[in-house]
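Chemist: Given the coordinates of chain A, work out where chain Y should sit on it, guided by the hints.
Sequences listed follow chains A and Y, in order.
Under this note's numbering, residue 126 is the last one in the first sequence; the count climbs by one each step, no gaps.
Under this note's numbering, residue 893 is the last one in the second sequence; the count climbs by one each step, no gaps.
Please note that a few of the clues may not be correct.
In silico EDC-like pairs for lysine to aspartate or glutamate, Cα to Cα no more than 20 Å straight-line [as the list claims (entries may be wrong)]:
id	chain 1	residue 1	chain 2	residue 2
1	Y	K666	Y	D723
2	A	K59	A	E70
3	Y	K839	Y	E868
4	Y	K666	A	E70
5	A	K4	A	E30
6	A	K59	A	D10
7	Y	K797	A	D10
8	Y	K797	Y	D820
9	Y	K839	Y	D723
10	A	K59	Y	E831
11	A	K75	A	D63
12	Y	K666	A	E92
13	Y	K668	A	D90
14	Y	K660	Y	E732
15	A	K4	A	E16
Sample of chain Y residues at the chain A side, in silico, Cβ under 7 Å [stated by the list, open to error]:
id	residue
16	Y636
17	S673
18	H677
19	T681
20	M683
21	T684
22	S685
23	R687
24	A688
25	S690
26	E691
27	I710
28	R751
Hints in this document: simulated from the structure, not taken from any laboratory.
Cβ coordinates follow ideal geometry from the N, Cα and C atoms, glycine included.
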Amino acid sequence: MSRKVLLIEDEPNITEAIRFLLTREGWQVETHAEGTDAVQVILSAQPDLVILDVMLPGKSGMDVLRDLREHEEMKALPVLMLTARGQSRDREMAEQAGVSRFMTKPFSNAEVLTAVRDLHAQASQS
Amino acid sequence: MATLNVLILVCLGYVVLLFGVAFAADRVAARGGGKWLRSPLIYTLSLSIYCTAWTFYGAVGNAARSGLEFVTIYLGPTLVMISWWWGLRKLVRIGRSQRVTSIADLISSRYGKSNTLAVCVTILAVLGGTPYIALQLQSITLSFSIFAEADPTGLYREGSSVFWVAAGLAVFAILFGTRNLDANERHHGVVTAIALESVVKLFALLAVGIFVVWGVAGGLGPMMDQIDASEIGQWHVDAGRWTTFIFLSAAAFVCLPRMFQVMVVENDDEGHLRTAAWAFPLYLLLMSLFVVPIAVVGLDLMPEGSNPDLFVLTVPLSLGNDWLAMLSFIGGFSSATSMVIVTAMALSTMVSNHLVMPIWLNTQEGTASVSGDVRTIVLMARRVSIAVIMALGYFYYSLSGGGAALASIGLVAFAGISQILPALVGGLFWRGATRTGALVGLSVGFFLWIYTLLLPGMEGGIIPASVIENGPFGWGWLRPQALFGIEGIDPMVHTVMWSLSLNTIAFCVASMLSFPSPLERLQGAQFVNVFDHSVSARGWTGSVAQSEDLMIMTQRILGTIPAQEFFQAEAERQNGRPGRLPEPTPQFLERLERELSGSVGAATAHAMIGQIVGGASVSVEDLLAVADESAQMLEYSSQLEAKSAELSRTARQLREANAKLTQVSKQKDAFLSQVSHELRTPMTSIRAFSEILRDAEGLSAEEQTRYAAIIHDESLRLTRLLDDLLDLSVLESGQVSLNMDDATLNEVLDRAVSSALAGSDRKIGVRRVRANERIPLYTDLDRLGQVFINLISNAQKYCDADEPVLTISAHDVGGQMVIDFIDNGSGIPTEAQSLVFEKFARVGSDKAGGAGLGLAICREIMQRLGGEVAYLPGHAGAAFRVSLPLAYRQAAQ
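Pulled out of the complex, with its shape left as it was, chain A reads as follows:
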């Protein structure tokens, strides 16, 4: 059974790094670099996990998450949020929007992998 992760990130180098890491872990990695249609992409891709950047062109990651949680079937979808702004206010906003895990850039690769594993394990158990 293949695990699918959808990575929504507008910085190509970061996208490439995460793709490299998760592919090695056995994930099927799909990517998207835009905020505007991000919710549609998630809905159609039906991923097991979403990694979401906050500062996206067109629509911020916060708004994408908020809109995503409007959809009943997406309430439980694990969402790992990455931000480069690193302010505590962002963390609060993200939690209110329904984030599963919140990480500040730059992160260590090990952290990302651990977070992805944990989130997936939790989702599988429930």
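Modeler: Coordinates of chain Y only, in the frame set by chain A:
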């Protein structure tokens, strides 16, 4: 025949008697006794100083010349006394409540305590009074001369006798008229003396009359026949003259300074007016009773050409009745002296109060000890004034030579003093009367009186005869005795008609056109409504009923409990009966006033107690002090208002500053957040790939190289970002130093183009018109070049045309160098055009390596160089315009 010596002896004896009476009356009054001194009878008799030597001698002379016309002089005051006593009562009430010292003081007080008005009235009174005094002196001299003619010794010398008479009268007036400082206090000595003189002159005239009717004519019946036979009995009445004279004498009766002195200033009790209202007309009736018989007999008896003014004296004398003549002489002497003494007193009060004291106070400005010796100064001023006025009278007499008939001098003075009437009556009954109105009216009347009566009447021709006949400058309508072409009427009627009517009109019109000062309004109200404000002017006296009112008032001001405590303490202090209200004794009221003034201020406290106690009127000073306090409060509150306005202005500025700071702080937060993002993004890539290189096993050599290259690129990106940030920070802080240098535009552009295109894989075509680029520059060439490079590399990065071309065109437009950078791409969306110069503003998904600071830096640089860079709308592709003023370059050279 009585010798002159006997006459002089009698005269001196009479004077000594007067001194004695005056002295005794003053002593009695000083001891507080002598109720009769304050009786209505004395008051009425003192009023009869209206009858001067002019009346005593002149009435007979007048009757001999003009028949019954002399009656008008008695009818005027009689009419005033009978039909206008309520007006006099008002005058007396005001005079007492305002502590008025003279008619000038009254007028000035009514019109806002204007000293200008007081000076005017004083001058008018002195001008009118001086001939009048001279007239009295003349009558004494004439009467002396009658006896002198008959005296064989020929010792009599006219000039010196007049001098001594004048000096003696001055001494009398000074001795008994200036004993007290307060002119408002009664001069019992003088009043009693003139009352005695009134009795003497009435007695003398009646005696001569009885002698003439029963002793000469032989009884009433033959007397009537003789009168019918004479010209006087023709009953010829000139309506114009009669009306004028009645009016004039009525006006003078009210306005004459000496009448004002005895009627208002010396008045002890308003009630006396009630007696005087019938007793004084009765006195006048008795005085006039025998005038016609004496005149008729005199005309029959005396030789042709003898002076009819002296019939009273010459008729008994010629018939050998020396003692009656002596009595008659004493009567005339009494008339003259009483008038002179009271006039001198009244005028001296006016002169010293309104002329001397203001001048003296002015010269004393700065010396603090005014209060100490001011009493003696005032008294001295009064005494000197009396002397000066007597001297004036004496000199007038000496200079005029005593030619004119007695009656005419009297009437001229009447007409002059009557000019006060409009201001006086208007001030009593019309609140709208103003100072300006009074001044204008008085001036008009005064001027017309001098112009139409005084000057033309003067012997020696102060006004040339040509002016009287043809008018000044030949203007016929301005002839002094025929104003506006109205001719053929009696000069006196003419003057009175014009002066008083124009005076009144001027007074009314000027009053209506002018605006009264606050003090004038207060005084006007006090005068016009004197009966509403005061029952009688007494000190602080009151009844227990008023204590209740005081209690209520005090409670309102101090609060219930403190007020009750204060009143109880006072009651205990008074009589040891704490349960009752205290008697409103002066001491209690004084303490209460002090207590209240702690809360509401002294003036208000005084005014409030004044309103309750004794119905005493609120004095103008009280009201003024209240007004002053309110004015201070107003000023204080306006200061507070100004303060609070200032505070709210400060608060607004603080709010604005705070809003600005908040905005700056928000901008700073946003900027920091942006910077953080821009720094963390490349660091994320660097960290991720360096960990991959370190940890991941089995990486191909190709992968290793690629990931190392990413790390390298992101490091460069970080460096560029830091450079830009530093550059921007320096430019924004204004601490940048410019390296000014000369060059032409094409040189700068050449360097920029080659520098921007170097090291770039994506080539853009650059089109230039070099002929237009030969513009000399004087500026920081490197900074200008930096802007050009930025614009060119932006075009290179973002132009999305298949064959990208950038057109650079330079113009010299109106002193400005303008360089446009226009590419052939799809341009920048309209909504983003205003944002491109903001920091970190990137249009679209720009991954071309810029942090979004380039255009912000360009904008800052151009600002420093004195020019600007702006987006140029209206082009298909992205278009930027750099402009730099050439004036800047010239100025900098």
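Chemist: All hints are to be evaluated individually against the structure, with a verdict given for each.
Modeler: Against the structure, the hints come out as follows:
1. At roughly 24 Å between alpha-carbon atoms, K666 of chain Y and D723 of chain Y are farther apart than 20 Å, so this suggested pair is violated.
2. For the proposed pair K59 of chain A and E70 of chain A, the alpha carbon gap of about 16 Å is at most 20 Å, so the pair holds.
3. A threshold of 20 Å between alpha carbons decides the hint, and for K839 of chain Y with E868 of chain Y the separation of about 17 Å falls inside it, so the pair holds.
4. The straight-line distance between the Cα atoms of K666 of chain Y and E70 of chain A is roughly 31 Å, outside the 20 Å bound, and the hint therefore fails.
5. Under the criterion of a C-alpha separation no larger than 20 Å, the hint pairing K4 of chain A with E30 of chain A is consistent with the structure, at around 7 Å.
6. Simply put, K59 of chain A and D10 of chain A have alpha-carbon atoms about 11 Å apart, close enough for the 20 Å limit, and the pair holds.
7. Restraint check for K797 of chain Y and D10 of chain A: satisfied, since their Cα atoms lie roughly 18 Å apart, inside the 20 Å limit.
8. Between the alpha carbons of K797 of chain Y and D820 of chain Y the distance comes to roughly 18 Å, so the proposed pair stays at or under 20 Å and holds.
9. Of the supplied pair hints, the one linking K839 of chain Y and D723 of chain Y holds, its CA atoms being roughly 14 Å apart against a limit of 20 Å.
10. With a C-alpha separation of about 17 Å, the suggested pairing of K59 of chain A with E831 of chain Y holds against the 20 Å cut-off.
11. Taken as a hint, the K75 of chain A and D63 of chain A pair is honoured in the structure, with Cα atoms around 15 Å apart against an allowance of 20 Å.
12. Of the supplied pair hints, the one linking K666 of chain Y and E92 of chain A holds, its CA atoms being roughly 19 Å apart against a limit of 20 Å.
13. Straight-line distance between C-alpha atoms of K668 of chain Y and D90 of chain A comes to about 17 Å, which keeps the hinted pair within the 20 Å bound.
14. For the hint pairing K660 of chain Y with E732 of chain Y, the CA-to-CA distance comes to about 18 Å; that is within 20 Å, so the pair holds.
15. Distance hint between K4 of chain A and E16 of chain A is fulfilled; the C-alpha atoms sit about 16 Å from each other, no more than 20 Å.
16. For Y636 of chain Y, the interface hint is violated, since its Cβ never comes within 7 Å of a Cβ in chain A; the closest pair sits about 52 Å apart.
17. The beta carbon of S673 of chain Y comes within 5 Å of a beta carbon in chain A, closer than 7 Å, and the hint placing it at the interface holds.
18. Hint status for H677 of chain Y relative to chain A: holds, with the closest Cβ pair at about 4 Å, below 7 Å.
19. Restraint check, T681 of chain Y versus chain A: the minimum CB separation of about 5 Å is within 7 Å; hint holds.
20. Interface restraint check: M683 of chain Y against chain A, minimum CB-CB distance 5 Å, threshold 7 Å, status holds.
21. Against a cut-off of 7 Å between C-beta atoms, the interface hint on T684 of chain Y holds, since the closest Cβ of chain A lies about 4 Å away.
22. Hint status for S685 of chain Y: holds, given a least beta-carbon distance of 4 Å to chain A, under 7 Å.
23. At a threshold of 7 Å, the smallest CB-CB gap from R687 of chain Y to chain A is about 4 Å, leaving the interface hint in force.
24. Among the interface hints, the one on A688 of chain Y holds; its C-beta lies about 4 Å from the nearest C-beta in chain A, closer than the 7 Å criterion.
25. Annotation: interface hint on S690 of chain Y violated; nearest CB of chain A at approximately 10 Å, more than 7 Å.
26. Hint status for E691 of chain Y relative to chain A: holds, with the closest Cβ pair at about 5 Å, below 7 Å.
27. Because the smallest distance between the Cβ of I710 of chain Y and any Cβ of chain A comes to about 5 Å, under 7 Å, the interface hint for this residue holds.
28. Below 7 Å, beta-carbon pairs count as interface contacts, and R751 of chain Y has none with chain A, the closest being about 33 Å; its hint is therefore violated.
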